[in-house]
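Participant: Just so you know, the sequences run in chain order A and B. Heads up, the first sequence is in the numbering used here, so the first residue is 4 and it goes up one at a time. Heads up, the second sequence is in the numbering used here, so the first residue is 6 and it goes up one at a time.
Everything labelled a hint here was simulated from the structure, so no lab data went into it. Cβ coordinates follow ideal geometry from the N, Cα and C atoms, glycine included. A portion of the hints provided could be inaccurate.
Claimed, not checked - Computed from the model, here is a short list of chain B residues facing chain A with C-beta under 7 Å:
#1 Pro-61
#2 Thr-63
#3 Met-151
To be verified - If you want the ones that stay clear, here's a sample from chain A, every Cβ over 10 Å from chain B, calculated:
#4 Gly-13
#5 His-21
#6 Pro-52
#7 Ser-57
#8 Ser-64
#9 Arg-74
#10 Thr-76
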Amino acid sequence: MLLIPCPWCGPRDEAEFHYGGQAHVAYPADPAALTDEEWARYLFFRDNPMGPFSERWNHTSGCRRWFTVTRDTTTNAITPETSR
Amino acid sequence: MTADPHANRISPLAGFAGVSDARLDVREIPFLRQTNVRADPARLLPAWADRLPLAPGTWRRSGETDILYLGPDEWLAIGDLTPVPAEPRADTARRVGQDDVILTDVSAQRTIARVAGPGARDLLAHGCALDLHPSVFGPGRCAQTMLARAQVILMARERDEFWILVRASFARYLAAWIADAAVDY
Ligand SMILES: [Zn+2]
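Bound-form chain B, shown alone:
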């Protein structure tokens, strides 16, 4: 019998009861693997060009991974990033070339709060300056911005479902804000 190495993990929102009523469903999605991807979009190998979203402010599903386009040369992959056919190089002293894709595991940086339901958009709009109307911020869109003065990545999913990626150290503050604001919606 082997012990589960993750048995003692405690997520940033482990103490958050969530919100659940007819108009809102809020809870944490803990422990998803997150990988920061840096690459030059003009020099992507075909295997990468096929899976990365290339329109600013969008995300797309690629296999079991959701990949968000964060900046001109930066993406965030949520979920286990399936290996791409490229030979990993053990030579760490080699200079990073312009064709290289650089992966950094940032799983512990942020946790995810899932906000869903017909009241979700109004709840977020209460603390966010972005236009969240479905015609502007519909499924497939993502943005880095402020929610209730906390830095977040917002991800619009299907059917009034949003994922809020928030830094671990801000998670409890933001959860408390959500629980408080949810009373109105």
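So here's chain A without its partners, still in its complex pose:
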């Protein structure tokens, strides 16, 4: 089980969290201007890197806050995201 560092509560078991996927996926500035393909790409396509991955977590069983960490997908080592 992962030990995930909630910025508010401290390190907690993975079971207390809900995964939120890739971080920093910006909502399109003008959604109506997108083609269907571009819209689908925004909705469904995410990076799948081997190595550091910036991702969102929600501490559902604790403080209920969203936060962002960087997880190395090869080692599962998690480091707090300092910027943003």
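Chain B with the ligand: place on chain A using the hints.
Facilitator: Relative to the frame of chain A, chain B with the ligand by itself:
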């Protein structure tokens, strides 16, 4: 003669006999008023800054109220929250400003199970992943976590006494778990 408006209230653990022996004392503390407090800690008026705990994961006594720090902008007050000198505004259409403190009565959301005695820490550790050692989770600490897979707020009080705040709908399940686990401690 006026009828007691609370005469027919039934607490979530009304049927729970509790646990009472040399090492453990478990019972419900029903019907305490609970108020959710939302505010920006950087913009608190002095009257509020004086009473709210401002260190993460702690609670403090303020008058007749115990106030727990739940999240960056969220507290929970247990007990009757004495009024602060601020003018309540009747204008509900007014936009909530950044200096405002927002109070919501959540008394019916959770009930409180009091677990006390020399076996209390071991009992909780049986179903909780947190480090409950007194050096880490001593009096004045609080945490939101899972106890026996139920979402709870744990509050460490004086002398091996803990309050477990559990949602009303989970209370009987958790009480049954406590009664069962108490056999070991
Ligand atoms: Zn948290």
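Participant: Hold the hint about Pro-61 of chain B up to the distance rule: shortest CB distance to chain A must be less than 7 Å.
Facilitator: With a closest approach of 6 Å, the Pro-61 of chain B hint holds.
Participant: Could you let me know if the closest chain B CB is still more than 10 Å away from the CB of Thr-76 of chain A?
Facilitator: At roughly 24 Å from the nearest Cβ of chain B, Thr-76 of chain A sits farther out than 10 Å, so the non-interface label holds.
Participant: Over 10 Å to the closest beta carbon of chain B is the bar; see if Arg-74 of chain A clears it.
Facilitator: 20 Å, holds
Participant: Does Thr-63 of chain B pass the interface check with chain A, least Cβ-Cβ distance below 7 Å?
Facilitator: This hint is violated: Thr-63 of chain B lies away from chain A, its Cβ roughly 12 Å from the closest one there, beyond 7 Å.
Participant: Hey, does the Met-151 of chain B contact hint survive, CB to chain A under 7 Å?
Facilitator: 5 Å, holds
Participant: Hey, does Pro-52 of chain A actually stay past 10 Å from chain B on C-beta?
Facilitator: 30 Å, holds
Participant: Is Ser-64 of chain A truly not at the interface, in the sense that its beta carbon sits beyond 10 Å from all beta carbons of chain B?
Facilitator: Ser-64 of chain A not clear of chain B: closest Cβ-Cβ about 5 Å, inside 10 Å.
Participant: Does the no-contact call for His-21 of chain A survive, Cβ to all of chain B over 10 Å?
Facilitator: 13 Å, holds
Participant: Was Ser-57 of chain A rightly flagged as not at the interface, with every chain B Cβ beyond 10 Å?
Facilitator: Fine: 21 Å to the nearest Cβ keeps Ser-57 of chain A off the interface.
Participant: Against chain B, does Gly-13 of chain A keep a CB gap of more than 10 Å to every residue?
Facilitator: 7 Å, violated
The structure fails hints 2, 4 and 8 (numbered hints given earlier, in ascending order).
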